[in-house]
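Spelled out from the first residue to the last, the chains are:
There are 2 protein chains.
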Amino acid sequence: MPELRKDPVIGRWVIIATERSKRPDDFLHVKIPEKPSPFCPFCEGNEEKTPPEVYAVRRDGTLPDTPGWKVRVVPNKFPALVREGEVRERMEDGYRLMDGVGAHEVIIETPKHDGIIPRLSEEEVGLILDAYRRRYISLKEDERLRYILIFKNHGREAGASLAHPHSQIIATPIVPKRVKEELYGSERFYREKGKCVYCWMIEQELSSKKRVVAETENFIAFCPFASRFPFEVWLLPKYHSAFFEDVKEPDEFASIFKRVITAIHDVLSDPPYNLVLHTSPTMNEHWEHMEKSYHWHMEIMPKLTRVAGFEWGTGFYINPTSPEEAARYLRERCM
Amino acid sequence: MPELRKDPVIGRWVIIATERSKRPDDFLHVKIPEKPSPFCPFCEGNEEKTPPEVYAVRRDGTLPDTPGWKVRVVPNKFPALVREGEVRERMEDGYRLMDGVGAHEVIIETPKHDGIIPRLSEEEVGLILDAYRRRYISLKEDERLRYILIFKNHGREAGASLAHPHSQIIATPIVPKRVKEELYGSERFYREKGKCVYCWMIEQELSSKKRVVAETENFIAFCPFASRFPFEVWLLPKYHSAFFEDVKEPDEFASIFKRVITAIHDVLSDPPYNLVLHTSPTMNEHWEHMEKSYHWHMEIMPKLTRVAGFEWGTGFYINPTSPEEAARYLRERCM
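Here the protein sequences come in this chain order: A and B.
Going from the first sequence to the numbering used here is simple: count from 1 and add 62.
Going from the second sequence to the numbering used here is simple: count from 1 and add 62.
Bound conformation, chain A alone (with noise of 0.2 Å):
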């Protein structure tokens, strides 16, 4: 019998469609070959070919924007969004509308072209998660930005463009809905319960252990009861905390960070994922409880499933895949 289960945050349903019921197996699929590109922008030894570097993490003595880094960070090169101007909205033929100021830049992960993350040391993905921390703080300086969104598309299937492994920020100057939709959700709850939903959803998944994959002293990662995506995994502090760039003990969750995307890497043979940042609004958006009622986390979703058209029409998802199984095939990779 295919099951409804409900997100306790947002409140979205989804279906577990176990007559589609599908293992990790099912899903290895024959993946379109990367285009060998002559050229790749993002290698050691390239560097003029992006804009200047906003940070890297360099051997003493070398230059901005020369080899010798670990991890380097620079503008988007066609941005979606851009730094100048002023955020204003306007009305064009009723509707309305505003310039598209914000900041679109790329963190490029490691010089080497294949190093994706299970291939890197747990320093060296420390590094990355690190530069994202500096990056957030840096671009929340900017008190026109309201949201600034981490994130990372792995694999073509997933939207990333250039093979060599890179995350993106996007800062933007209203917070995107679907954010507004957890700090809603998450507000409710905390008015109805006295809790952070995150907290209490973490005891929940402490007290039955069918969907953790993994857990250290301060983190926990599991396939929510409500996962979209076969695969799914959302990764949490486990004290509360509404705000990433106050992220404790970085190297324990470098670590937890790497077993995930490892254990994602193994069991489904290297597929396609996209990773999201899910962190508080950077300022200027008031909400009472914030503080108390929202909880940073990761979510990171396999894309492995093509019956994704309409989920985007309705917001209605098929997962064929439990996330009780999930977490059973993810746990045995990451324990």
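Read the hints as simulated data drawn from the structure, not as lab findings.
Note that the coordinates shown come from a computational prediction; the quantities given were computed from them, not determined experimentally.
Backbone N, C-alpha and C define an ideal beta-carbon position, used for all residues, glycine too.
Check before you lean on any hint, since a few could be wrong.
Stated by the list, open to error - Selected chain A positions facing chain B (Cβ under 8 Å, derived; list incomplete):
hint	residue
1	Arg67
2	Ala142
3	Arg158
4	Val241
5	Ser270
6	Gly377
7	Ile380
Start from chain A and add chain B according to the hints.
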């Protein structure tokens, strides 16, 4: 300068990323060839390979589940939701869920394996749309069902697992989140402005003309101001109507529907696309002003970009083609 544009119904902001502006030719990509299927269960003559038909348009004297049909509707062999069961919420590990009760049907649009909409006559297209309506009316009788989703995935990259032209119906015991957002948004607009937000949009579009793709006496197709996807098109009745099943002038609707789909096919070289019918919930849902505030419509979303990764996670869309430019290309083929 990129623009941030706000959807007037649900308040979603999208980025129209002019710095990455894309014209139709930029989207022409090498298609993944369809696997030559040795056998198609939807072709005429193979009727016994599907569950027994629940509706068909047949030549006089032909028996159910035999050749001689023009449109044929069957239950999905691998249903996401099943007809049997009772709708009752229960708890598991603290979370809410219910049995996956509902319906999942397949509308086989034509006996011809390669009979895509641009190759069918207006009469044949009319039979498909009429099948939508008839199944809608039939499923609506089931009091457990609150929403009936009609959608079509065309092309493998849009989620179609079989190449033979078909649409799907999924009837659910809950109203999908995205539909609720539209209902809330249009009700809010109605309370504030005393009119239907879709009727208001039609007025804006007819006045500016910039985004209109096609028009008949009773219907209009336009690229919405805050289009999420390149070449996204909405098709609506010009007269106010909350309920698809009440469609007037079905021949006129079939004609403009065929013209719009054909224009998309021609301009973008048969792209993958998703089509979703948005209409009111069936019953048991109390929306005070629904008849007056909601307006049924079809959303047609070509699947041309792969940047969709983080959109899933954030609800934030980046569209590299302005709707004004998309409409100009499509209009040329439609008029």
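>> Are any of the numbered hints broken by this structure? If so, which, sorted upward?
In response: none
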